[in-house]
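Number of protein chains: 2
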Amino acid sequence: MKQILLLEDDQSFGYILSEYLNMQDFQVTWAKSAEEALKLLQKQHFDLAILDIMLPKMNGFELAEILKRENEDLPFIFLSARSLKIDKLKGFKLGAYDYVTKPIDEELLVAKIRALLTLTQKKVTTQSSYTIGKYDFFPALLKLVFQDGSEIRLTARETALLSMLCQHHNQLLLRKKALKEIWGIQDEFSRKSMDVFISHLRKYLSKDPSISIENVHGKGFIFKY
Amino acid sequence: MKQILLLEDDQSFGYILSEYLNMQDFQVTWAKSAEEALKLLQKQHFDLAILDIMLPKMNGFELAEILKRENEDLPFIFLSARSLKIDKLKGFKLGAYDYVTKPIDEELLVAKIRALLTLTQKKVTTQSSYTIGKYDFFPALLKLVFQDGSEIRLTARETALLSMLCQHHNQLLLRKKALKEIWGIQDEFSRKSMDVFISHLRKYLSKDPSISIENVHGKGFIFKY
DNA sequence: AGTTTTCATTAAGTTTTTTAATCCTTGCTT
DNA sequence: AAGCAAGGATTAAAAAACTTAATGAAAACT
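Respectively, the protein sequence lines represent chains A and B. Under the numbering used here, the letters of the first sequence match residues 1 to 225, in that order. Under the numbering used here, the letters of the second sequence match residues 1 to 225, in that order.
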């Protein structure tokens with residue numbers, strides 16, 4: 001569940017919004033001042049921050065500047081009653097993902113939040129382990145472990161390819177996509193090389209017959225399990 | 001310079017917007033139909049797409065779906081005269097960064113674009129090139145180019161190590177840190193391997209005597225230039 | 001049915017990375 | 001300050017990983 005930090009000094013609005021976001025399956029932590037927000041940020045991880053701008057002491061802009069300096073990749077959205085263009089420009093310049101003016105449309109806000117989270121999370125995706133039939137696959141350890149405890153050590157490319165297959169399991173993984181991601185710019189030549197690795201993986205995974213890497217002619221592969 | 005794909009069938013609006021974006025130092029390619037946009041996407045790399053929704057044949061939503069399926073991580077913004085909430089929701093659901101309604105404020109649009117580009121580019125972390133004294137280093141191409149045009153091809157590990165050194169240039173890069181990042185949390189054994197690569201890099205960079213990779217006993221290296 | 005393109009697998013060739021060996025440097029100990 | 005251990009530089013060798021080639025089979029196209 002995604003952790004959201006909400007900075008908002010207005011009691012009733014803050015309450016309503018945090019309840020709404022909670023309902024939408026976000027884990028909201030509500031800070032009523034920038035100072036409180038900073039303390040929370042040091043203790044806990046957040047996936048996204050929603051920042052009100054006008055606050056009694058330190059304002060949302062100032063907090064954002066600190067965030068950018070310290071907490072590098074926490075994405076944030078400004079939320080403010082001020083709809084002046086100059087404020088919006090300042091917001092974006094500070095690296096905000098969006099600048100939403102009150103009154104807000106909660107449904108749209110949630111849609112934006114989800115889009116943003118998908119975007120920022122995308123890169124990090126690699127799970128730390130996958131269960132593939134009777135195997136366990138540990139990408140970071142370059143290891144594939146069979147039910148009976150026997151291990152197969154994988155090479156870097158084998159691991160990269162198997163990871164991609166896992167991320168798309170039971171869906172088509174386009175050749176083009178894998179080539180681009182693992183081999184970099186797709187010179188149509190490494191096609192051959194990729195085939196060799198598919199072949200390796202099939203061999204490694206052959207102890208469980210319910211697993212298969214099936215080819216879709218001209219398109220790519222489907223990793224079924 | 002950032003490459004932007006603009007999909008817009010309205011002649012005059014498309015012209016004005018692409019001119020404006022050009023002025024703001026973006027490299028804009030203007031497609032007048034979704035089909036044309038698709039062709040361009042196959043040939044060229046873009047950093048961002050701006051998609052009009054209402055188009056004669058294939059519309060912007062449909063194109064976005066294809067993009068999501070095929071072209072991995074090209075971020076896009078919808079641009080439309082339709083301001084219905086249902087359209088906006090659909091836009092975000094498709095993974096758009098934003099949904100902007102006409103008439104647009106060009107200045108705000110550019111601010112958003114810049115913010116989004118920063119956001120998406122950040123993930124890739126590694127700069128696309130570094131100037132090191134009389135050399136240019138292109139991590140993605142695994143190349144080190146000397147002033148006189150002569151090229152040195154680097155291996156994956158050489159590139160990874162040189163990238164890290166660049167990121168910390170004129171500061172101490174801890175051995176431990178490099179080992180962890182490049183070799184994975186590793187046994188003190190690949191220490192030796194790392195030394196070999198340091199040695200390679202020194203040799204490659206020896207044509208410019210103002211560059212040096214200096215050792216800090218027991219700690220790591222400082223890349224000076 | 002024949003032809004062309006794509007795919008699977010094995011083997012051979014090449015490149016990259018690691019390990020080893022040797023000598024040098026740094027900083028500590030007495 | 002001499003001796004010594006631990007860290008570092010460089011080159012060469014061995015090992016591992018990756019790519020290319022070769023062959024035969026399957027799929028799609030005419």
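Hints are computed from structural coordinates only; laboratory data are not their basis. Mixed in with the good hints there might be a few duds.
Repeated chains share a single entry, so a pair holds when one copy, or any two copies, can fit it.
What the hints assert, rightly or not - In silico SDA-like links for lysine to any residue, alpha-carbon gap of 20 Å or less:
hint, residue 1, residue 2
1, K224, E36
2, K180, Q3
3, K177, I66
4, K90, L119
5, K43, F189
6, K90, D105
7, K176, L41
8, K219, L41
9, K39, Q3
10, K90, V100
11, K39, A111
12, K32, Q167
13, K68, L119
14, K68, C166
15, K39, K176
16, K180, R157
17, K85, V100
18, K143, I198
Quick caveat: nothing in here was measured; it's all calculated off a predicted structure.
Measure nothing new, just compare the shortest in-copy and cross-copy C-alpha distances for K39 and Q3 to 20 Å and report within, between, both or neither. Classified as within: same-chain Cα gap 15 Å, cross-chain 40 Å, threshold 20 Å.
Intra- versus inter-subunit Cα pairing at 20 Å for K143 with I198: within (16 Å within a copy, 28 Å between copies)
Checking an output row: K180 and R157, CA cutoff 20 Å. Within, between, both or neither? Both. Shortest intra-copy (13 Å) and inter-copy (19 Å) distances satisfy the 20 Å Cα cut-off.
Is the C-alpha distance from K90 to V100 at most 20 Å within one copy, between copies, in both cases, or in neither? both (13 Å within a copy, 18 Å between copies)
How would you label the pair K176, L41 (within, between, both, or neither) given a Cα cut-off of 20 Å? Intra 40 Å, inter 14 Å, cutoff 20 Å: inter-copy only.
Is it within, between, both or neither when you check K85 against V100 at 20 Å Cα-Cα? Classified as both; 12 Å inside a copy, 15 Å across copies.
From the Cα coordinates, with 20 Å as the cut-off, is the pair K39 and A111 best called within, between, both, or neither? Classified as neither; 28 Å inside a copy, 30 Å across copies.
First find the shortest C-alpha distance between K224 and E36 inside one copy, then the shortest across copies, and answer within, between, both or neither for a cut-off of 20 Å. Cα proximity of K224 and E36: none, with 48 Å in one copy and 36 Å across.
Alpha-carbon proximity between K32 and Q167, which holds within one copy, between copies, both or neither at 20 Å: Neither way: K32 and Q167 sit 39 Å apart in one copy and 35 Å across, limit 20 Å.
What label fits K177 with I66 when the C-alpha limit is 20 Å: within, between, both, or neither? Classified as between; 14 Å across copies, 38 Å inside a copy.
At most 20 Å between alpha carbons: which applies to K43 and F189, within, between, both or neither? between (45 Å within a copy, 18 Å between copies)
Evaluate K180 and Q3 at a C-alpha cut-off of 20 Å and name the case that applies: within, between, both or neither. between (32 Å within a copy, 19 Å between copies)
In this structure, the earlier hints numbered 1, 11, 12 are contradicted, and the remaining ones agree with it.
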